[in-house]
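Going down the list, the protein sequences come from chains A and B.
Each step along the first sequence adds one to the number in the working numbering, with nothing skipped, and position 248 is 515.
Each step along the second sequence adds one to the number in the working numbering, with nothing skipped, and position 7 is 111.
No lab work stands behind these hints, which were simulated from the structure alone.
Careful: at least some of the hints might be erroneous.
What the hints assert, rightly or not - Only some residues are given here: those of chain A computed to face chain B with a beta carbon under 8 angstroms:
| hint | residue |
| --- | --- |
| 1 | P276 |
| 2 | L279 |
| 3 | L282 |
| 4 | A326 |
| 5 | P501 |
| 6 | A532 |
| 7 | S536 |
| 8 | R537 |
What the hints assert, rightly or not - In the EDC-like style, the derived pairs of lysine to aspartate or glutamate whose C-alpha atoms are separated by at most 20 angstroms in a straight line are:
| hint | chain 1 | residue 1 | chain 2 | residue 2 |
| --- | --- | --- | --- | --- |
| 9 | A | K387 | B | E130 |
| 10 | A | K399 | A | E277 |
| 11 | A | K399 | B | E141 |
| 12 | A | K310 | A | E297 |
What the hints assert, rightly or not - Listed next, with one range per pair, are the computed distances between beta-carbon atoms:
| hint | chain 1 | residue 1 | chain 2 | residue 2 | range |
| --- | --- | --- | --- | --- | --- |
| 13 | A | E370 | B | L129 | 27 to 33 angstroms |
| 14 | A | E301 | B | Q126 | 47 to 53 angstroms |
| 15 | A | W309 | B | L129 | 48 to 54 angstroms |
| 16 | A | E380 | B | E163 | 25 to 31 angstroms |
| 17 | B | L129 | A | T456 | 17 to 23 angstroms |
| 18 | A | E380 | B | K159 | 19 to 25 angstroms |
| 19 | A | T389 | B | Q126 | 24 to 30 angstroms |
| 20 | A | P520 | B | E163 | 45 to 51 angstroms |
| 21 | A | V427 | B | K159 | 20 to 26 angstroms |
| 22 | B | L129 | A | I331 | 47 to 53 angstroms |
| 23 | A | S503 | B | N174 | 46 to 52 angstroms |
| 24 | B | E139 | A | E505 | 20 to 26 angstroms |
| 25 | A | G524 | B | N174 | 34 to 40 angstroms |
| 26 | B | E155 | A | R428 | 45 to 51 angstroms |
Note that the structure is a prediction, hence the values are computed from the model and not measured.
Even glycine gets a Cβ: it sits at the ideal position worked out from N, Cα and C.
Residue strings, one per chain:
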Amino acid sequence: MRGHSLSSPEVLRALAPYVVTHWNGGELGEMPEEIRPICSNWKPTRREPSPLLFFVFDAKGTFIKAFEPMPEGRPDHVDQWAGYLLERLQSLAKTLGLKDGGEPALRLPDVKEGIRIFIKSTRPNHGAANYKVPICEVVSVEEERALLKYSETTRTIDAVRLGRWLNEYYPAAIMDATGKPIGLSGSLTLSPAGSDGKKRYAILRGEPEWTMDDPRHTHYRYRGTVEIVLAYPPESSEFVWVRGAIRGSFSKPMGRGAFKFEMTAAIESRPE
Amino acid sequence: MQSMLALTLTLGFAFAQDAEVQTVLEKYRAARPTEQELSIWRIDWIPQFAEAREKAGREGRPLLFIWNRNISGPDSLYTGHC
Chain A
268 MRGHSLSSPE VLRALAPYVV THWNGGELGE MPEEIRPICS NWKPTRREPS PLLFFVFDAK
328 GTFIKAFEPM PEGRPDHVDQ WAGYLLERLQ SLAKTLGLKD GGEPALRLPD VKEGIRIFIK
388 STRPNHGAAN YKVPICEVVS VEEERALLKY SETTRTIDAV RLGRWLNEYY PAAIMDATGK
448 PIGLSGSLTL SPAGSDGKKR YAILRGEPEW TMDDPRHTHY RYRGTVEIVL AYPPESSEFV
508 WVRGAIRGSF SKPMGRGAFK FEMTAAIESR PE
Chain B
105 MQSMLALTLT LGFAFAQDAE VQTVLEKYRA ARPTEQELSI WRIDWIPQFA EAREKAGREG
165 RPLLFIWNRN ISGPDSLYTG HC
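Based on the provided sequences and hints, a complete structural model is requested.
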């Protein structure tokens with residue numbers, strides 16, 4: 268749905284008045300207690316209920332309506348998904364007396380002090396909507412600040428020590444968000460890269476190898492080329508910002524063959 | 105004359121290194137999604153229900169709760185790892 272209706276400009280505009288939250292899981296017992304009674308009363312209206320359900324509350328927290336945001340039969344065309352949801356949101360806007368608030372501002376995931384990583388996958392011949400929208404994760408900066416201190420000479424850094432950042436480099440749609448990298452090997456080099464008078468620079472480079480667990484005990488490996496610029500003020504060896512990219516191919520064994528696709532990541536420090 | 109040569113070599117070395125910095129920054133800019141690609145984050149996502157309800161009440165806005173029954177992992181709709 269991220270790549271269908273939830274990316275439609277009209278739907279986003281219709282959702283602008285709402286604060287939106289979500290929960291993943293099929294076990295009602297694990298759901299936040301505050302919402303459980305409402306969801307447990309929901310009854311399917313179709314033979315094949317939508318995997319996603321929308322529950323709307325007014326500003327006072329009063330439950331207004333639950334509905335299925337996906338059209339029946341899962342049509343191929345994106346506009347049909349968006350049109351279906353838009354109709355329901357427009358009807359709700361009348362019920363709730365909502366006004367058009369214009370195009371909402373971008374609110375990217377953020378962190379007080381850390382990095383933001385965007386991951387894009389290009390998966391030809393596979394229309395899964397999950398691949399059409401980037402992934403955006405944030406990770407705090409902790410021991411990485413000391414690890415990536417400026418040095419006048421090239422240093423080698425074990426990729427594992429940057430695992431908190433690098434292990435976000437994997438695609439969407441891996442076993443209900445339970446698949447993830449379980450291993451990282453190889454090393455990176457941190458080399459001084461000149462100065463422009465205001466900042467000194469270093470480049471972190473390497474080609475580590477990730478081990479993925481999908482997690483049906485299916486382990487497979489992929490590589491990526493990491494290139495990150497780090498900027499340091501003249502008076503300190505601690506970086507003030509980092510910006511870089513990872514480029515590689517993801518290859519997942521499938522039967523006798525493999526799913527292969529390009530995967531790129533952009534890494535930037537926060538705050539800017 | 106020797107000091108001029110040393111200065112030229114130093115500046116030349118630094119310039120060459122800076123070009124490499126620019127090359128990596130170009131790769132970063134090319135890899136970073138456009139605003140249009142990031143439009144799903146025009147939604148005012150609040151990951152936790154209690155926090156979202158509190159914000160909706162405080163700001164006098166309706167609350168939309170999305171229950172994804174198909175996913176058992178964390179935060180997939182918001183971050184995209186699903």
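Consistency of the hints with the structure:
1. Interface restraint check for A/P276: the shortest CB-CB distance to chain B comes to about 7 angstroms, inside 8 angstroms, so the restraint holds.
2. Residue-level restraint check for A/L279 holds (minimum Cβ-Cβ distance to chain B is 5 angstroms; threshold 8 angstroms).
3. Given the 8 angstroms rule on beta carbons, the hint for A/L282 holds: about 6 angstroms separates it from the nearest Cβ of chain B.
4. Proximity of A/A326 to chain B holds as hinted, the smallest CB-CB distance being about 5 angstroms (cut-off 8 angstroms).
5. Checking A/P501 against chain B by beta carbon gives a least distance of about 13 angstroms; that is not within 8 angstroms, so the hint is violated.
6. Look at A/A532: its Cβ gets to within about 6 angstroms of chain B, closer than 8 angstroms, so that hint holds up.
7. Because the smallest distance between the Cβ of A/S536 and any Cβ of chain B comes to about 11 angstroms, over 8 angstroms, the interface hint for this residue is violated.
8. At about 13 angstroms, the closest approach between the beta carbon of A/R537 and any beta carbon in chain B exceeds 8 angstroms, and the interface hint on this residue is violated.
9. About 16 angstroms separates the Cα atoms of A/K387 and B/E130, which keeps this hinted pair within 20 angstroms; it holds.
10. Taken as a hint, the A/K399 and A/E277 pair is honoured in the structure, with Cα atoms around 18 angstroms apart against an allowance of 20 angstroms.
11. Of the pairs offered as hints, the one joining A/K399 and B/E141 holds, with about 8 angstroms between alpha carbons and a cut-off of 20 angstroms not exceeded.
12. For the hint pairing A/K310 with A/E297, the CA-to-CA distance comes to about 19 angstroms; that is within 20 angstroms, so the pair holds.
13. Remark: the range hint 27 to 33 angstroms for A/E370 to B/L129 is upheld by a beta-carbon distance near 29 angstroms.
14. Our hint of 47 to 53 angstroms for A/E301 and B/Q126 holds, since their Cβ atoms are close to 51 angstroms apart.
15. Taken as a hint, the range 48 to 54 angstroms holds for the pair A/W309 and B/L129, whose Cβ atoms sit roughly 49 angstroms apart.
16. Between A/E380 and B/E163 the beta carbon distance is about 27 angstroms. The supplied range of 25 to 31 angstroms therefore holds.
17. Checked against the hint of 17 to 23 angstroms, the pair B/L129 and A/T456 passes, with Cβ atoms roughly 18 angstroms apart.
18. Evaluation of the 19 to 25 angstroms hint for A/E380 and B/K159 yields a pass: the beta carbon distance comes to about 23 angstroms.
19. Taken as a hint, the range 24 to 30 angstroms holds for the pair A/T389 and B/Q126, whose Cβ atoms sit roughly 25 angstroms apart.
20. Separated by about 48 angstroms at the C-beta atoms, A/P520 and B/E163 satisfy the suggested range of 45 to 51 angstroms.
21. Range check, A/V427 to B/K159: about 38 angstroms between beta-carbon atoms, so the 20 to 26 angstroms window is missed.
22. Under the hint 47 to 53 angstroms, the C-beta atoms of B/L129 and A/I331, about 48 angstroms apart, fit the expected range.
23. About 48 angstroms separates the C-beta atoms of A/S503 and B/N174, a value consistent with the hinted range of 46 to 52 angstroms.
24. Checked against the hint of 20 to 26 angstroms, the pair B/E139 and A/E505 fails, with Cβ atoms roughly 31 angstroms apart.
25. As the Cβ distance of A/G524 to B/N174 is approximately 26 angstroms, the hint placing it in 34 to 40 angstroms is violated.
26. The supplied range of 45 to 51 angstroms is broken by B/E155 and A/R428, whose beta-carbon atoms lie about 33 angstroms from each other.
The structure fails hints 5, 7, 8, 21, 24, 25 and 26 (numbered hints given earlier, in ascending order).
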